[in-house]
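Quick one: dock chain against chain with the hints and give me the complex.
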Amino acid sequence: MSEMMLEIDDLHVTVDGKEILKGITLSIPAGEVHAVMGPNGSGKSTLSYTLAGREGYEITRGRILYRGEDLTQLAPEERAAKGMFLALQYPVEIPGVVTMTFLKTALNAQRRARGEPELDALKVLKLVRVKAKALNIGEDMLKRALNAGFSGGEKKRLEILQMAVFEPKMAILDETDSGLDIDALKLVAEGVNALRAPDRAMLVITHYQRLLSHIVPDRVHVLTKGRIVKSGGADLALELEAGGYERILEDA
Amino acid sequence: MALRETTERVADLAGEKYKYGFVTDIEMERAERGLNENIVRFISAKKGEPEWMLEWRLEAFQRWKEMTEPKWARVHYPPIDYQNAYYYAAPKSQMERPKSLEDVDPKLIETYKKLGIPLSEQKLLAGVAVDAVFDSVSVATTFKAKLTEAGVIFCPISEAIRDYPELVRKYLGTVVPVTDNFFATLNSAVFSDGTFVYVPKGVRCPMELSTYFRINASETGQFERTLIIADEGSYVSYLEGCTAPKRDENQLHAAVVELVALEKAEIKYSTVQNWYPGDAEGKGGIYNFVTKRGDCRGKGSKISWTQVETGSAITWKYPSCILRGDDTVGEFYSIAITNNFQQADTGTKMIHLGRNTRSRIVSKGISAGHAQNTYRGLVSVHPRAENARNHTQCDSLLIGAHCGAHTVPYIESRNPSAKLEHEATTSKISDDQLFYCLARGIPQEEAIALIVNGFCRDVLQQLPMEFAVEAQKLVGISLEGSVG
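Protein sequences appear in the order of chains A and B.
143 is the number that numbering that gives the first Met the number 0 gives to position 144 of the first sequence; each next residue is one higher, with no gaps.
455 is the number that numbering that gives the first Met the number 0 gives to position 456 of the second sequence; each next residue is one higher, with no gaps.
Hints were generated in silico from the structure; no laboratory data involved.
Certain hints may be false.
[As the list claims (entries may be wrong)] Using 25 angstroms as the maximum straight-line C-alpha spacing, the simulated DSS-like pairs for lysine-lysine come out as follows: (1) K472/B <-> K16/B; (2) K130/A <-> K154/A; (3) K245/B <-> K298/B; (4) K122/A <-> K298/B; (5) K200/B <-> K45/B; (6) K45/B <-> K142/A; (7) K142/A <-> K472/B; (8) K16/B <-> K112/B; (9) K427/B <-> K154/A; (10) K17/A <-> K224/A; (11) K45/B <-> K91/B; (12) K472/B <-> K18/B.
[Said to hold, decoys possible] Derived CB-CB ranges, DEER-like: (13) R60/A <-> Y76/B: 49 to 59 angstroms; (14) Y76/B <-> E68/A: 47 to 57 angstroms; (15) K112/B <-> E115/A: 27 to 37 angstroms.
For each residue, glycine too, the CB sits at the ideal point set by N, CA and C.
Just chain B, with the same shape it has in the complex (with noise of 0.2 angstroms):
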């Protein structure tokens, strides 16, 4: 009763809430808008590619024309016009990469300090290195002289294609293939800017590293491309936040991450996402089509996947972990917030192929509003995949009587020795726990908030210590007015 009628009060202010909505003025250099041939050419050309990388690019390209788009995922969204964007976009005065951070654009750096990011090393968070990407270029990466010492190396996809041509052959497109899906072979073709990780072996990385994507320009869709490879009995920890102004028009965002964990290697790959959500009557915000997928090629590897999703106002994600090498470890640890109109269609892909491999899934979702939010999951046990474990586990969280929380495991398996759990709890915030933190002189929005939180909880403790505090901080934020 009442509580409908506040609801409805405080949602005119929700699209307000989203404090990263603001627009650089920059001088940008497009390419043309609309997306052929020549469009990946040029997308190449400017990044000083070899001839084999835009050969792969061309034939990636000619695969996308003939695929479809995937229309299975429990989101709805008029048709995309792919020819009516625009496909690269890079600040001008960057268009020769800056030496050293003194090189870079004052109002790009006046950018990330707004973003919460300082550049500046004296600045930043102690022990995170940051690779700063804006739109379709990367704009500086920090700590590259120690992570050097380390024999880490860390830079943009960009620099490593014309630096360390090697490995990138060896392993782009090895875990995500060029035709894979839809989006991920239309990234294939156009891919702007992203990171590259490469840890050598035995070294465990001595500071996290974390890449922070910003989409700028309008009607431009961003593309970006992360490989991470930890080599034999390597140790990485990874994360990425992302963020975009406030627009009327929906924008594409089709990333494709890659991991390769070699024998006994261990990456951890946390995710922060909050691109701009579209306002609280569902106009605007960015489509995010992302395919994220590990490989634990080596004996004894661990990939871990954690993610933290409240942005987009359509998220369509399944982090994955092929667990091929014998005695490896995939972990999947999802916290995805959906508020006013925002659909979410997300979860993630165990496939068992080694002995002894072991799987963890923990999804919390939260709707409120008149969001969809859909937990969607694969756990495969191959024939050879002896000994195969897996314990999932989904909660959902309503807020509300008009948003949807949908869960869609599957399960496969063609191995008798294998042990699978699923664990599913469907719930609401009662009244009953809203009086009683309001009656202990807790305001109704910080109410919302703790109990989130406290939903959460066992996701949120998988975040690297540094990003823990911002990270339920947001949850707070991305609910704020879903509750009268």
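For reference, chain A alone in the conformation it holds in the complex (with noise of 0.2 angstroms):
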């Protein structure tokens, strides 16, 4: 059987004393892709949030368990160097900040924590260059601060291209699809495609099933009001798109 990369049980997080997730339990092993739908407010954001270590999210039960590792225990950037990824919703601006710096000083960063040597600005320059290319992201692109002015679809390929260069086990989408046109959420999608691998887990949490007709999951999850309500097969994915998240809660 392959690793178990991701498992949450019994999670429960309060948010400025406001219990959003209500007892959470879910399992991704390596090589798989998983998909969390739900609609507005159902604490899609809160379980990413809750996963990357961000302050403010408390969790108050249950546990979450990283490579068989209490992540609870580590801060966000030991989280990223041991190899989990989350792609933002709305990716932050940071003026003056040129991109492949930044790239730079993130991949040096996890490879220093990891205790790696860190790579020189020619080696980061190759390795990314060869990753953008793929996801049509030009010098001019990474010589721009980082996100600033960029467009909807420039920020989210910024975020997959992050994601290639960094090569996490666990990586987690958080609405990667939204404010994508069609032709942006293909190119995100065959990004995320390409980084499918058997040492790999993702996680990608979306409102619409449109994203997952390009990245089809193994399993689907449904949350709602802070609980996992329904689980099944790619098919899941498509009722859901059908009947609507009325009629799944019925069921349920």
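Okay, here's the thing in structure tokens:
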């Protein structure tokens, strides 16, 4: 059996004193892509932020194991160095910080934390160039300040580029499809599919089914009101699209 | 919430981060404590000055006694007791100025080595000449021979007063008059050492010139005086750096810098100011009260100030340009970082007198901890200054919830053809930005350094290559412990 990348057990999370996640249990083995689907306010982003270790997301019950290790004991930057990656729904602009510089700083910070030698600017450049090309990211974009003035599609492509450069073991994609037109969506999905690998797991969080036609998941979980109410195969996404969340809720 | 707790925790460490805080144990000769006419005479005699220089000083001292300290800046400090400080301190071993680097006291060589300024010419950064000023005296000047070949004079000002009196007399006090302001007048009376540069007509100075100022003695003020003259069609780039030991007392640093650019000459003046800023509780640190001014005296000349101000408990400093000649250009690029209890009131004055004069101001103020950071600037267009142009950009960045940023721009235009633009922004490092960096594996302090360096990028790019990397690191170090 393949290694279990992520094991979430009875996870309860409180934000600003309000319980948002109310007992989530979910396991993702290496090599699989799981999707979490849910309506607005169901707790999707809370789940992704909790997994990444953002301040203010308090775990009140349950546990998260990442490759058998208690994730909650690790700071966000330690999680990143150990191979966790979160592609954000709204990538942040950092004025004046050249995108290439950011990539180099992040990659080397992760390498340093793992006890690996840092890469010089030239090596990073070579590495990034190859991967950027596949995502149709030009040199000029890498020279601009991080996400500053980027279009929605450019921002999301840059998130996937970072995933390609950091080569995480466990990638969480939070509403990567939001704000993308169909061409941009395809490009991003191709980028993600190219990164599917036997030793890598992914958790794709989305509101809509359309992303899952391009990134076909092994399992689909439906999240509403902080609980997973139904799990199934890729077909479940289509069912949802046809009947809406209301229907599933009734059935559940 | 958690942010604040960590801020407090790391604030304890902040005072420890200043790595230039050591003291050199060296036997010093000092003037008597206090300030009076005899002290002025003592300093002048120590420097072996001619009579005219002594008279100049005494006149300044008479004027100073009648002046009062300026109070308009947004800085607060207990009254300074000018009689309870030393105005001259020099290593005894340097009483005879060494003829060559071999004769310099090894303790001093070691001090500068620790500061990252090797005085041996072989080990120096290629293409950078250094004048090393230790308390009240210049202890070594490198690459003098090479510069002399090009006709460039680069020496301590005390030496210039003796060796090039006609040049000094012609220009000293012509940009910053003796009576300019309280601190400039004090400096005129008691200045000890500093750098003199003269670049002859048509000469492009073959290397970067720099002065490294070190305060070492306790209870002693440093009053440096720098004079740079770029003759017609010449070019010079000059950089100064400053550090001081960690002490609980406050020490006064009141410098005067005068720049003169004649026709079509260009002076680029860069400062990396890293005086001891005081500890995390605001105890100790340098009072940096400095008057810097450049005069674009000749047609088509240009003066550019770049400053990275990270140190000092209090900074009061407005490097300015008098755009006297027609078609002259003045620039001011500034990064001022205040952390813990530091206070900075800094900016520039662009005085447009000539026709078609242009000025550009880019100011980046970063405030963290309990610090207060003020940009204060004046853009003044006089009636004769047809087609004057100015563009000012003032950006402030706040880190944490207890600091302040203030912008005080004065704009006076007496000529209707002037085009003046002013842009200002205030922003904070957001939790989103920090989390984004953390989630990509960048630890907090590195993330802050990265974000702040991005914020300052336009200014850092103005620094000479040799120093830009150092300045970037300094930006990071100055803000260590600013956020948890």
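Consistency of the hints with the structure:
no.: 1; hint: K472/B <-> K16/B; in the structure: 13 angstroms, holds
no.: 2; hint: K130/A <-> K154/A; in the structure: 15 angstroms, holds
no.: 3; hint: K245/B <-> K298/B; in the structure: 45 angstroms, violated
no.: 4; hint: K122/A <-> K298/B; in the structure: 48 angstroms, violated
no.: 5; hint: K200/B <-> K45/B; in the structure: 33 angstroms, violated
no.: 6; hint: K45/B <-> K142/A; in the structure: 56 angstroms, violated
no.: 7; hint: K142/A <-> K472/B; in the structure: 21 angstroms, holds
no.: 8; hint: K16/B <-> K112/B; in the structure: 19 angstroms, holds
no.: 9; hint: K427/B <-> K154/A; in the structure: 22 angstroms, holds
no.: 10; hint: K17/A <-> K224/A; in the structure: 12 angstroms, holds
no.: 11; hint: K45/B <-> K91/B; in the structure: 12 angstroms, holds
no.: 12; hint: K472/B <-> K18/B; in the structure: 13 angstroms, holds
no.: 13; hint: R60/A <-> Y76/B: 49 to 59 angstroms; in the structure: 54 angstroms, holds
no.: 14; hint: Y76/B <-> E68/A: 47 to 57 angstroms; in the structure: 53 angstroms, holds
no.: 15; hint: K112/B <-> E115/A: 27 to 37 angstroms; in the structure: 33 angstroms, holds
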